[in-house]
Amino acid sequence: MNEKISALMDGELSPNEVDDVSDALLAEESLSACWSEYHLIGEAMRRNGVLTLDVREKVSARLRDEPTVLSPRAPLRQRPVRRYAAMAATVAFAAAVGWVGFGQDPASQVVVAQAVPVSQDVFAPVSGVEAPYLAAHQEAAGGGLVRVSMAAGAKVAH
Amino acid sequence: MSERELDQQLVERVQRGEKRAFDLLVAKYQKRLGRLLSRFIKDSADVEDVTQEAFVKAYRALPSFRGESAFYTWLYRIGINTAKNFLVANGRKPMVHAGVEDEDGETLDLSSQVPDFHTPEADLMNQQILATVNQAVEALPEDLRTAITLREMDGLSYDEIAQVMGCPIGTVRSRIFRAREAIATQLRPLLDTSKDKRW
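Going down the list, the sequences are from chains A and B. 1 is the number of the first residue of the first sequence in our numbering; add one for each residue after it. 1 is the number of the first residue of the second sequence in our numbering; add one for each residue after it.
Here chain B stands alone, though its shape is the one from the complex (with noise of 0.2 Å):
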């Protein structure tokens, strides 16, 4: 099941009533959509308001959403669309607008500039995270920083991982899903997710 079969069918679920399932995606999406709002909007607080707004939005519309387009592509739209709204709402211009592809390739119009998100507290955060990340990566064992590299930044799939290292898909999958928990234990801590207290 490929990554846009797996939203359809969380989608599904949310129109049939499980609004848990719409947690989900806002889980999976919000970093990604609050990047692509943020070169529209440069206060972090409004950000974090507009997509939110964008999220309900995106919520009461899911009963007309027939899964033509992704479910990511329909969300962005969604999110330029209140961006630009929220702008007009406050008097602002959007900032310099540009056509930039989404992962479909098809273009959006949006602002290109500005793609920072700065407030001290936030971009201190956001080092953290990363350089936590980085840290937990380059510490991996080979074989689990190979297959989590090729996975998160090649985009390969498990099979096409499989072939690169030589072994079985199984393998594969236990040193994604070992890279993955190694990393998120030294995550935990500075997210305050650990087991007994998470967000």
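Bound conformation, chain A alone (with noise of 0.2 Å):
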């Protein structure tokens, strides 16, 4: 294991190793103290540390009082598998009713709605309470408002 520790130090062990070995430093203390060592003999060779300094045993105490932190999962990003099959199964879909329509005869094809020019009664004034905000509401609708109806005798296409 303490080759392991070591490695893993090192940013030299396969994904799949490091939870069990980060699991062992975690659980034994002979490991994490193994941590220190090597992490310590590193400074000292590189000269870069007060390598006296120790404050886990204080942090750690000061840390029992402290409430656990928890932070919110992230939310999981969609894998890429899933975005792409949930597109494939659109284009499918598509496909799907585009191919059943275009096997209709043409001749069978029926209108199911219709444009129909709006009376200019529809734009006239409206009076009462709610006039204002209805008036408000045609300003930022515009003027091409459409009125789509059913056509008469339409059929709905099968």
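Just so you know, the hints here were simulated from the structure itself, not pulled from any lab data. Predicted model only: the values in this text are computed from it and were never measured. Each hint should be verified, as a subset may be incorrect.
[Stated by the list, open to error] Think about it this way: if two alpha-carbon atoms lie no more than 30 Å apart in a straight line, the pair counts; the simulated DSBU-like pairs of lysine-lysine are:
| id | chain 1 | residue 1 | chain 2 | residue 2 |
| --- | --- | --- | --- | --- |
| 1 | A | Lys4 | B | Lys19 |
| 2 | B | Lys57 | B | Lys19 |
| 3 | B | Lys19 | A | Lys58 |
| 4 | A | Lys4 | A | Lys58 |
| 5 | B | Lys57 | B | Lys42 |
| 6 | A | Lys58 | B | Lys57 |
| 7 | B | Lys57 | B | Lys84 |
| 8 | B | Lys84 | A | Lys58 |
| 9 | B | Lys42 | A | Lys58 |
| 10 | B | Lys84 | B | Lys19 |
| 11 | B | Lys42 | B | Lys84 |
[Said to hold, decoys possible] Restraint-style ranges between C-beta atoms, simulated for each label pair:
| id | chain 1 | residue 1 | chain 2 | residue 2 | range |
| --- | --- | --- | --- | --- | --- |
| 12 | B | Glu142 | A | Asn48 | 21 to 31 Å |
| 13 | B | Gly166 | A | Leu70 | 48 to 58 Å |
| 14 | A | Asn48 | B | Ala139 | 19 to 29 Å |
| 15 | A | Pro67 | B | Asp159 | 35 to 45 Å |
| 16 | B | Asp154 | A | Pro67 | 40 to 50 Å |
| 17 | A | Ala61 | B | Gly166 | 46 to 56 Å |
| 18 | A | Leu70 | B | Cys167 | 41 to 51 Å |
| 19 | A | Ser60 | B | Arg16 | 14 to 24 Å |
| 20 | A | Leu70 | B | Glu68 | 12 to 22 Å |
| 21 | A | Arg62 | B | Asp154 | 29 to 39 Å |
| 22 | A | Pro15 | B | Glu160 | 16 to 26 Å |
| 23 | B | Arg92 | A | Asp23 | 37 to 47 Å |
[Stated by the list, open to error] Okay, the calculated bits of chain B under chain A, using three or more residues with CB under 8 Å as the criterion:
| id | stretch |
| --- | --- |
| 24 | 9 to 22 |
| 25 | 26 to 34 |
| 26 | 179 to 190 |
Note that beta-carbon positions come from the ideal geometry of N, C-alpha and C, so glycine has one too.
Please dock the two separately framed chains into a single complex, following the hints provided.
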């Protein structure tokens, strides 16, 4: 296990080993001591650090009284495979609908809906309490309103 | 998995409620953070207190850490702010300020003077650790010494060391581990961390 700790601190363990070694490090005091010693050796060789400083016990004691920190998990990113599967399903559905539509005899196609110009009375000023609201709404909607209605005699396509 | 990714993984374990994972980050960074803070604060006892306080603050702030920067960069910033607050609270001015680049190449505003950590006892212990490690490295067989030196001093990856030494990566991993164990064996009596009595 100590050899794996050595490789872990060098960033040379495979991702599937990292969890196991980290678990062992957290579970066994002797292994976490080994982790500290190996780091100390590196700092000493590089002469980079106050080698005598050791606050682990004091920090650990203070953290015992601290509430455990818990962060909400970040939303999992949608995996590319799933995203592509969803896109493929959409494309397949659209293709199926198109194929069914093209398969019909053109003569049997019926108009489901048709646009009918709206008469001017639709835009007549509205009186009553809701007038300001409706006026504002009409203003925001613009003048290009088209009423869509079922044409007389229209059949629903099968 | 890089060192930064490993730190991030430990951070995420702390964020999921595993306090012990924070101990590993403390063990990893305390001496480097202490060295940084000793550039601000001369007294060794104060450096120790501020280092401890910085780690506690970092722990409390961990829920907001999202990994946009490296953990150590984030930790060093907390350490510097803690040191500045300490100096202000004690009516002292930080020593000479200078821009110092951290390991990400970002400039940290800190004092660059007085990098020492002087008490006679701490100084003696520091010298003893350095001497022991140096002697242990010198005493290593050449293949182990080369591997550990390329790793710790030059920062080469195992793959790069394998190319330099003309051996498989598995051999490099084994040599570095054996070198560390050999040095640690010399160091443990000094630290009083023999296998049955460790820190």
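Evaluated hints:
no.	hint	verdict
1	Lys4/A / Lys19/B	22 Å, holds
2	Lys57/B / Lys19/B	14 Å, holds
3	Lys19/B / Lys58/A	14 Å, holds
4	Lys4/A / Lys58/A	28 Å, holds
5	Lys57/B / Lys42/B	21 Å, holds
6	Lys58/A / Lys57/B	13 Å, holds
7	Lys57/B / Lys84/B	14 Å, holds
8	Lys84/B / Lys58/A	21 Å, holds
9	Lys42/B / Lys58/A	21 Å, holds
10	Lys84/B / Lys19/B	27 Å, holds
11	Lys42/B / Lys84/B	13 Å, holds
12	Glu142/B / Asn48/A: 21 to 31 Å	25 Å, holds
13	Gly166/B / Leu70/A: 48 to 58 Å	49 Å, holds
14	Asn48/A / Ala139/B: 19 to 29 Å	22 Å, holds
15	Pro67/A / Asp159/B: 35 to 45 Å	43 Å, holds
16	Asp154/B / Pro67/A: 40 to 50 Å	43 Å, holds
17	Ala61/A / Gly166/B: 46 to 56 Å	49 Å, holds
18	Leu70/A / Cys167/B: 41 to 51 Å	46 Å, holds
19	Ser60/A / Arg16/B: 14 to 24 Å	18 Å, holds
20	Leu70/A / Glu68/B: 12 to 22 Å	20 Å, holds
21	Arg62/A / Asp154/B: 29 to 39 Å	37 Å, holds
22	Pro15/A / Glu160/B: 16 to 26 Å	20 Å, holds
23	Arg92/B / Asp23/A: 37 to 47 Å	44 Å, holds
24	9 to 22	holds (count 12)
25	26 to 34	holds (count 7)
26	179 to 190	holds (count 6)
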